[in-house]
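Protein chains: 4
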Amino acid sequence: MADIFSIELKVRDYEVDLQGVVNNANYQHYLEHARHEYLQFIGLEFAKLTSEGIILVVKRIEIDYNSPLRSGDSFIVDCRTERISPLRFGFIQNIYRASDHKLVISAKVMGTAINRQGRPFLPPEIDKAF
Amino acid sequence: MADIFSIELKVRDYEVDLQGVVNNANYQHYLEHARHEYLQFIGLEFAKLTSEGIILVVKRIEIDYNSPLRSGDSFIVDCRTERISPLRFGFIQNIYRASDHKLVISAKVMGTAINRQGRPFLPPEIDKAF
Amino acid sequence: MADIFSIELKVRDYEVDLQGVVNNANYQHYLEHARHEYLQFIGLEFAKLTSEGIILVVKRIEIDYNSPLRSGDSFIVDCRTERISPLRFGFIQNIYRASDHKLVISAKVMGTAINRQGRPFLPPEIDKAF
Amino acid sequence: MADIFSIELKVRDYEVDLQGVVNNANYQHYLEHARHEYLQFIGLEFAKLTSEGIILVVKRIEIDYNSPLRSGDSFIVDCRTERISPLRFGFIQNIYRASDHKLVISAKVMGTAINRQGRPFLPPEIDKAF
Chain A
604 MADIFSIELK VRDYEVDLQG VVNNANYQHY LEHARHEYLQ FIGLEFAKLT
654 SEGIILVVKR IEIDYNSPLR SGDSFIVDCR TERISPLRFG FIQNIYRASD
704 HKLVISAKVM GTAINRQGRP FLPPEIDKAF
Chain B
604 MADIFSIELK VRDYEVDLQG VVNNANYQHY LEHARHEYLQ FIGLEFAKLT
654 SEGIILVVKR IEIDYNSPLR SGDSFIVDCR TERISPLRFG FIQNIYRASD
704 HKLVISAKVM GTAINRQGRP FLPPEIDKAF
Chain C
604 MADIFSIELK VRDYEVDLQG VVNNANYQHY LEHARHEYLQ FIGLEFAKLT
654 SEGIILVVKR IEIDYNSPLR SGDSFIVDCR TERISPLRFG FIQNIYRASD
704 HKLVISAKVM GTAINRQGRP FLPPEIDKAF
Chain D
604 MADIFSIELK VRDYEVDLQG VVNNANYQHY LEHARHEYLQ FIGLEFAKLT
654 SEGIILVVKR IEIDYNSPLR SGDSFIVDCR TERISPLRFG FIQNIYRASD
704 HKLVISAKVM GTAINRQGRP FLPPEIDKAF
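Chains as they are written, first to last, in my numbering: chain A, 604 to 733; chain B, 604 to 733; chain C, 604 to 733; chain D, 604 to 733.
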């Protein structure tokens, strides 16, 4: 589908661990960066939201690891949104190796927005985005 | 229960992001480190296994984020194992803030062992461990 | 000398890269963590200083790499201070492998303090510390 | 000059620390990635060299920090080489903010090549590159 937001990145060698593949936690970095790029794309800047007291937080993440990335690989990280409940929103994300579009990981990330006191706080611009 | 393996660590400030809390992906680093320490505790060294062609891989991870860690916090990462299937093993892990034992995250990590060709390969020492 | 501040840490496997040794940039993480622990030891908390508008910044770093750390290694990071100029302070830091006290890296880190507008700003508690 | 190799990257929010700027150690990651991209550009793949027993190691790094990068910033990392001695080679690297070409850091990275036994080993393809 043409309407799924995605970014292309390339493995950096410091992200590769002693097994010769990208370390598991780094995929979470890739996913976060794609989400923040998506938010910027729709007009919401993560750092600006934070400074305004709109704290976007991840409440749960599920990642299925299919096939690893290695040194030299380019890859695509996509990002779709879905509304889970009045206060919860979700991101459905996949990472594919660029050379052959092989699935690397698939993930589901669920989050909410809180204020500086930790209370649920979903301002209209966030509400509209999901 | 006294028989759950755990390690205590302290937040390093570079792990804290612009929201002032430990970045989500870093908890996965803490979990991995506790698993590798657990493996060493029962006589299995991750790097040695890797060099012998026994590749331990994570197939799925689920993390529930309850409460964030901040600069200065010490925390406990625990690690219990369970056998999921003949070829799959699991780790049940929690992170608690040391000062008040408040739950930070709870996680379920499922893995398997493969050889260098990517085939399932569960040698006796791994089989026995779970 | 007994009066040099130091901390002991252990290599985490995600810090080891495809060469099988701790990635160069991670030593800078170890050095920073030891500096912040030193500051806390003398009563200065990095995060609290930051929130009060006292921004400690590194202006120059020099690192000599002698011998790498590997998976499983414990190591000692020490931290001495020296005053370089009215507005500049320095940290002399070494990392040693714990098992045999072999020198891993030696570093010189020069810094200053600025306010939120980026102007030099060395309040008495920082001035006194160096 | 048109003949300086460079790459353009964008700050990822997990690279930004509690001071709201890219953490010092991450610039070293950017520099390393640019060096490896440069090596690939001239036909030398870091991971392949490593697997062939040609271990490129950094012996000394000097970084001057001029101005920080923040969330949302794109930046350019360049990479020039110079021969220091028969067994030592150097990289002169700068990072500039893309929006206004403001200097972020300047660095000098000195390295050598060793074999798996840790002996100096500068094969012709490395020798020729510097």
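Be a bit skeptical, because a hint or two may be false.
Chain copies aren't distinguished; within one or between two, either way the pair holds.
No more than 20 Å apart at the CA atoms, straight line, and that leaves these computed lysine to aspartate or glutamate pairs for EDC-like [to be verified]:
id, residue 1, residue 2
1, K711, E665
2, K613, D681
3, K711, D667
4, K651, D676
5, K705, E648
6, K731, D703
7, K651, E640
8, K651, D606
9, K711, D730
10, K613, E648
11, K711, E655
12, K705, E640
13, K731, D667
14, K662, E611
Calculated from the structure, these hints are not laboratory results.
Hints, one by one, checked against the model:
1. Proximity of K711 and E665 under a CA criterion of 20 Å is satisfied in both settings, with 5 Å inside one chain copy and 10 Å between copies.
2. Proximity of K613 and D681 under a CA criterion of 20 Å is satisfied in both settings, with 14 Å inside one chain copy and 17 Å between copies.
3. With identical chains, the CA atoms of K711 and D667 are at most 20 Å apart both within one copy (9 Å) and between copies (12 Å).
4. Proximity of K651 to D676 under the C-alpha cut-off of 20 Å is restricted to the inter-copy arrangement: shortest distance 13 Å between copies versus 32 Å within a copy.
5. Within a single copy, K705 and E648 get their C-alpha atoms no closer than 31 Å, and across copies no closer than 23 Å, so neither meets the 20 Å cut-off.
6. Proximity of K731 to D703 under the C-alpha cut-off of 20 Å is found in neither arrangement, the shortest distances being 35 Å within a copy and 34 Å between copies.
7. In this assembly of identical chains, K651 and E640 lie within 20 Å of each other by CA distance solely inside one copy; the values are 13 Å within and 30 Å between copies.
8. Taking the shortest alpha-carbon separations for K651 and D606, neither the intra-copy value of 26 Å nor the inter-copy value of 37 Å comes in at or below 20 Å.
9. With identical chains, the CA atoms of K711 and D730 are at most 20 Å apart within one copy only, with a shortest distance of 19 Å there and 30 Å across copies.
10. When the C-alpha separation of K613 and E648 is checked against a cutoff of 20 Å, the pair qualifies only between copies, where the shortest distance is 14 Å, while the shortest distance within a copy is 23 Å.
11. With identical chains, the CA atoms of K711 and E655 are never at most 20 Å apart, being 27 Å at best within one copy and 34 Å at best between copies.
12. For the homomeric pair K705 and E640, neither the shortest alpha-carbon distance inside one copy (22 Å) nor that between copies (23 Å) is at most 20 Å.
13. Taking the shortest Cα distances, K731 and D667 never come within 20 Å of each other, neither inside one copy (29 Å) nor across copies (25 Å).
14. In this assembly of identical chains, the alpha carbons of K662 and E611 never lie at most 20 Å apart, being 26 Å within a copy and 23 Å across copies at closest.
Of the numbered hints stated above, those contradicted by the structure are hints 5, 6, 8, 11, 12, 13 and 14, listed in ascending order.
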